Amino acid sequence: MSAIRTDRYVEEARRGIADPVLRRALAGLQERFGRGTAEAYRRLPEGPGLRQTAHAIREKAIAHLDILLERLARRIRENGGEVFFAATAEEAVAHCAGIARRLGVKIAVKGKSMVTEEIGLNAALAAHGVEVVETDLGEYIVQLAGETPSHIIAPAIHKTRNEIADLFAQHLGIPRTTDPPRLTHAARRALREKFLAADMGISGVNLACAETGHISTVSNEGNIRMATTLARVHVAFMGMERIVARLDEYEIILRLLCRGASVQDIGTYVSFIGGPRRPGESDGPEEFHLVVVDNGRSRMLADPRFREMLCCIRCAACLNVCPVYGRIGGHAYGFAYSGPVGAVVTPLLTGIRRGRDLCLGETLCGACKDACSMDIDLPRMLLELRAILAEGDPGWGVEPSGGLERQVWKLWEGLVSRPALYERALQAGAVLQRLLPRTPAGWIRRLPPPFSGWTKSRDFPPVAAEPFRRRFAKRRKEADRG
Amino acid sequence: MAEHREETLFFQTLRRALGHPPNAARPAGDLFPAEPSAEERRLLARVSGRSEREREELVSRLAAAARPLHLEVQALDDLAAARDAVLRLVAEKSPEWGGEKQLVAWSHPLIESLGLAEPLARQGIPLHLTRPVDPALDAAAADEERRRQRSRIAASFIGITAADFCLAETATVVLRNRPGEPRSVALLPSIHVALVPRSRILADMKELFALLRWEERFRTEGLSNYLSFISGPSKTADIEATMVHGAHGPREMVVFLVPG
Amino acid sequence: MDTVTLFVPCLMDAFRPEAAEAVVAVFKRLGFAVHCPAEQTCCGQPAFNAGYRNEARTAARRFLRLFGDAEAICCPSGSCVAMVRHHVPALFDGEPDWRALALRTAARTFEFTEYLVDVLGRDDLGASFPGRVTYHDSCHLLRGLGVREQPRRLLRRVRGLELVEMKNPDCCCGFGGAFSVKYPDISTALVADKVEWIRESGAEAVVGADLGCLLHIEGALRRKGLGVRALHIAQVLAGGR
Ligand code: SF4
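Protein chains in written order, with numbering that gives the first Met the number 0: chain A, 0 to 481; chain B, 0 to 259; chain C, 0 to 240.
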């Protein structure tokens, strides 16, 4: 498993907010992709309702996951490939390391893949003496900088051309330039050498098709095609849920994936891989391995509240509309997955209690659900996670919350159940607020803890001297009398 | 029947999570139908009944879809025109990585019928044809042959392929890989030229998948072990969202529509 | 005379009683008798959003007891209606009687602008309000209930009112209930942008249909010393004549 830093959400969020470059980049990204994706859904020949169709396709696939995975594995094996089913990150990583050792792999070139970030593949292979080169340009930049991706589709969104210029000058030995085409070309040249020298190509899987027995990858750069064509062995990693039954279903999901990810009708390169190269073929890998990863997914599958999350295809459309993600950036989420998808999936994979800030640190504005290419109800699941945090859930190893917070809500419960008491509490508030620093208009400048967070940056409205219900009742009485 | 202990455990966990008995493989039911659906029948009929005029319309849709992708589409009247178009490219463009001009092409009947070898030879420009690796070769010799072919492909600035299909809606060239038709020809050279016989233009992915699933002629080969969709030259926007063509794959791509 | 039962959001009751009075005034003008159960407090939304479902259920039960008999329930808050419509029935998944009552009540509960435009078919209420305003789409009203056009239609028919759109009117203001207190930095980053977009629009007032957002936005506007007012749409619609 890669490092889990979900407990640093608040600090990292603060850091993201304070970074004007990041803020500007994210705003630009959301401007382009957020609105563009909604428009692209509307322009679908089937209309935006295709998202619901896709959801149903994914749900069906998830409900038959055992059958689909068996079929996929059988077909791939018939075609000369190998399939390994890994229950944990450790098993998946060890299997890949074993292949590398057996073949004496020195350089591995890698296409962008979320699941390999999740299981911490790079570090593990490096520990076995394999040089792992990220080849997606954004990932490459992030890797040279010794950082982690901040967006699923645009991993280097947080880097400026100036920073990239310095990085490339330092690592690629080119004269410093800030020109994106020149920088891209420098990376193209450097990575071409790596592609031609690599012994192992590593990729993720965007979606597999059980019927035909193929995995597929989507990219605009062509790096995944390079990585899966030129090296001696190709190892593909897939989360066990990334599959549909048939090609016609695949077609629908692919179209939505491309629209959700980058407002495209189709990615530049979509490759369907069913096995290693065949006799007589002069390129393509000699060995093809598929590693199917559970790593906590079966737990989501078993819980009806969270099974829906397995419909996710990691298109990142939800990131591109999320107002919170747009301000704090991807690093705050402390794990491979960021944004709304991360807020739900990361606590489920890495611990709900540890990731409590991910569950609570959103406004439930619902933009993610409307943007989701698979029409997944992320806000519903955030609410479920919050309920687990409050009420506890032995199945997920979460104790009920205790302490002050629980007492506050108990108090609230008591008040809203007793209108007279409630009324008196309001009255008390109206009196007590006079002790607080206020503006001339009567708004409160500073609240005591635990409410002081509000008044750090905002005035707080005063409680009315006479709340509405009392006014209404009084007037009613007057009317009755008069 | 599971091959490994891990696999058995994996499927047990999976079935349990789904609420099924952990040890019994479930039947596929109607997950993989044996007959085309009504919708697929309609698609198949549409493809087979497509008129010349409708096909022409697909060509204009293809051209329209290609434009924003930086994909050049040229409709050519005959093979001679296609040959001249290739020769023009050869004359106009220069190799990205330096060195002399070389071309690589699939050993494919359509490409061979262009008659490129002779005019290129006259200019002293090598044209490499990617022959299938002879199954009679021993492992070391076959490896050597593959290495040789790869270095020729990598040294070529133009790679020529022949598409199995072309999808008008998304300007997508569809290639299935076979011996003699290596995928890197569409990948390592800086310019990818794809020949597309007009009869192989389809409207969209739906039609393609219907054919691959149900049309006897295409079904046997299926998707092959490596099917690719290529919709334009390689590109990236990873540096401050500036679009740059030529990230890793070809930086230019041209589709020549030819009769047939 | 037609009767409407008013479900007053707890925030409005406590912090902006004038807005609730404006709702009453609007209905009076339309010739409605307004009924308002004096015992009402809260529908349970804050606790529900925080994950405290047992506590939320207590409040929801009270709400259903008080409002269960009403013919038409109108509430000037999108998030409260979203709570009653979507979440309260789900809270009683295991209790068929309560669930049935929750569903019946949900079917008769409407958000204020939705009630005026979709149920009553009114958009011109004869109001007048001088000045340029911009409308903020509250998240639960827009995405939870699908109400986007109704408030705008109502505003466009107000004499003297010029409606201008701000940038990203449908972007969350960062309120999120307890979120605004627990995650002040993120919440502040959101409302700062909202305030900036409001300022850029050149509006003299920002109008919304959910008091939580409005108080939040106004708190930020005031702290910044901007003279833009934040008004509930009822306060605009009750204006004039
Ligand atoms: S939750 Fe939806 S929008 Fe977000 S990554 Fe997954 S599929 Fe895409």
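Some hints here could point you the wrong way.
[Stated by the list, open to error] Straight-line distance between alpha carbons at most 27 Å, and here's what the computed DSSO-like set of lysine-lysine pairs gives:
| hint | chain 1 | residue 1 | chain 2 | residue 2 |
| --- | --- | --- | --- | --- |
| 1 | A | Lys368 | A | Lys473 |
| 2 | A | Lys455 | C | Lys27 |
| 3 | A | Lys409 | C | Lys181 |
| 4 | B | Lys100 | A | Lys105 |
| 5 | C | Lys181 | A | Lys368 |
| 6 | A | Lys473 | C | Lys27 |
| 7 | C | Lys223 | C | Lys181 |
| 8 | A | Lys59 | A | Lys455 |
| 9 | C | Lys166 | C | Lys223 |
| 10 | B | Lys92 | A | Lys409 |
[Claimed, not checked] Simulated coverage check for chain B against chain A, where a stretch passes if three residues somewhere in it have a Cβ under 8 Å from a Cβ of chain A:
| hint | stretch |
| --- | --- |
| 11 | 78-91 |
| 12 | 242-250 |
No wet-lab data here; the hints were simulated from the structure. Small disclaimer: the values here were computed from a predicted structure and weren't measured. In this text, a Cβ means the ideal position worked out from N, Cα and C, and glycines have one as well.
Each hint tested on the structure:
| no. | hint | verdict |
| --- | --- | --- |
| 1 | A:Lys368 - A:Lys473 | violated, 44 Å |
| 2 | A:Lys455 - C:Lys27 | violated, 41 Å |
| 3 | A:Lys409 - C:Lys181 | holds, 18 Å |
| 4 | B:Lys100 - A:Lys105 | violated, 32 Å |
| 5 | C:Lys181 - A:Lys368 | holds, 23 Å |
| 6 | A:Lys473 - C:Lys27 | holds, 17 Å |
| 7 | C:Lys223 - C:Lys181 | holds, 21 Å |
| 8 | A:Lys59 - A:Lys455 | violated, 48 Å |
| 9 | C:Lys166 - C:Lys223 | holds, 19 Å |
| 10 | B:Lys92 - A:Lys409 | violated, 76 Å |
| 11 | 78-91 | violated (count 0) |
| 12 | 242-250 | holds (count 6) |
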